[in-house]
Structures are given as structure tokens and as C-alpha cells.
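Listed below are the residues making up each chain.
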Amino acid sequence: SQKIEQNSEALNIQEGKTATLTCNYTNYSPAYLQWYRQDPGRGPVFLLLIRENEKEKRKERLKVTFDTTLKQSLFHITASQPADSATYLCALGSSNTGKLIFGQGTTLQVKP
Amino acid sequence: NAGVTQTPKFQVLKTGQSMTLQCAQDMNHEYMSWYRQDPGMGLRLIHYSVGAGITDQGEVPNGYNVSRSTTEDFPLRLLSAAPSQTSVYFCASSSNKDRQETQYFGPGTRLLVL
Chain A
10 SQKIEQNSEA
20 LNIQEGKTAT
30 LTCNYTNYSP
40 AYLQWYRQDP
50 GRGPVFLLLI
60 RENEKEKRKE
70 RLKVTFDTTL
80 KQSLFHITAS
90 QPADSATYLC
100 ALGSSNTGKL
110 IFGQGTTLQV
120 KP
Chain B
221 NAGVTQTPKF
231 QVLKTGQSMT
241 LQCAQDMNHE
251 YMSWYRQDPG
261 MGLRLIHYSV
271 GAGITDQGEV
281 PNGYNVSRST
291 TEDFPLRLLS
301 AAPSQTSVYF
311 CASSSNKDRQ
321 ETQYFGPGTR
331 LLVL
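Protein sequence lines, in the order shown, are assigned to chains A and B. For the first sequence, our numbering assigns the number 121 to the last residue and increments by one with no breaks. For the second sequence, our numbering assigns the number 334 to the last residue and increments by one with no breaks.
These are calculated hints, taken from the structure and not from any lab test. Keep in mind that the hints are not guaranteed to be accurate.
To be verified - Residues from chain B that face chain A, not an exhaustive set, calculated with beta carbons under 10 Å:
hint : residue
1    : N221
2    : V224
3    : P228
4    : G278
5    : E292
6    : C311
7    : K317
8    : R330
9    : L332
Predicted, not measured: the structure shown is a model, and the values here were computed from it. For glycine and all other residues, C-beta sits at the position ideal for the given N, C-alpha and C.
Here chain A stands alone, though its shape is the one from the complex (with noise of 0.2 Å):
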């Protein structure tokens, strides 16, 4: 069956580094790739996307990488701040579908 992990255990980095999460899928060939930021007691929030034949994407201080052949996603947050204290979740997705498949997410921490 499709199954996403993210890391379970929170992340925590010092305020001015760089996030690193990681997303790995096993049975799936996604079309695309999508991370979300979710604060305490509110919905999901759109931040990346990246495609199959897309290497990287970046937004800002967002990088998001994407390796079809590890089948992994590599998002990364650089110059980090506290306001960056979120849990961020990936979501795999089909072609013209809408359904999204989504892992648990990795919960990060930024301290001062």
C-alpha cells in the first residue's frame, strides 16, 4: 500500500539556521509533490509544489527538493526564525485528481 513517513520526532534548530525535513514514499509515482505549514488549531496552509521531472523549487528562503528515483523530498528552511515554529506536512498527488495523499508531519522548532 502508498505510505509517506516524515520524521515523527520534532525538530529543533537554533534561530539564523538552516531546517532541513525530510519526506520519503514508498508505492507511489506521485505527478507532484506539495509541503503545508500547519499551526496549533488550524488548517493546513499551501506552501510548495514541485513536479515529477522538477529537481528543486525554491520560494523565498523555501527550498524543496524532489527525487523520484530515491522517492524522496528533501524541504528546507534557510536562515530559520522563531515565527517558523510549525508542523510541516507533505502530500503526494495524481494528475488531475485532487486527492492528496499526506504524511504524518514533522513538527519544528525554532528557538531564539
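Given the coordinates of chain A, assemble chain B onto it according to the supplied hints.
Just chain B now, kept in the frame of chain A:
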């Protein structure tokens, strides 16, 4: 635009009771969906709709019904609540214009079934 709205924010039910979780969006999105989020499980798709009058089952549909009479509204019905349905429920919508890829989520409904 209000985006995706959900009511109620929090609900306590007794086993066997029924209720409807409301979801509305004002972005004229064709695609709407319901997810439940449980600790350590991630978001799981319950039901989805690609347009008014069309619904289909997701990964965990048992115990839930949906209908889509208008583009704006997509209610989720629990006919006979069970403790296993204690969860946080999120409604989401997306547009055919971006191939339904970017999901816009509501704030969630926290449901406790005793």
C-alpha cells in the same frame, strides 16, 4: 473572500447521535473534500466532490455521508456517531483552473464522541 469556512468549531456527541459538519467556500472552486486528522496518522481523505451533484469516496468513507447540491457547500453527515470518529475534521477546496492541485483548507471542526 472568507475562503473556506467550517461550523461548528467544536462539538461533543454521544455515541449513536447524528450531526452534520458544515463546509462552505466562496472561491467558486469546483473541487471540495473532507479529511480527518488523527495524531500520528496524517490527514486522511473521507469523501470528495468534483462538482455540484458529484461525490465519491476517499480512503476512509465508512460512517460518513456527503452531498453537493451547490458549488459553495459540502456538508459531512455522521449518521450514528462512534468513539472512533473522534477527530479533527478539515474541509478543503481547489480550483480546476490550477488542476485542483493547491488545496485551501478550512479551520477545522474538533469532534469528541463519548
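Comparing the hints with the structure gives:
1. N221: Since chain A brings no Cβ nearer than about 15 Å to N221 of chain B, farther than 10 Å, the hint is violated.
2. V224: 8 Å, holds
3. P228: 14 Å, violated
4. G278: 7 Å, holds
5. E292: 17 Å, violated
6. C311: This hint holds: C311 of chain B lies near chain A, its Cβ roughly 8 Å from the closest one there, short of 10 Å.
7. K317: Status violated, d = 12 Å.
8. R330: 9 Å, holds
9. L332: 15 Å, violated
Of the numbered hints stated above, those contradicted by the structure are hints 1, 3, 5, 7 and 9, listed in ascending order.
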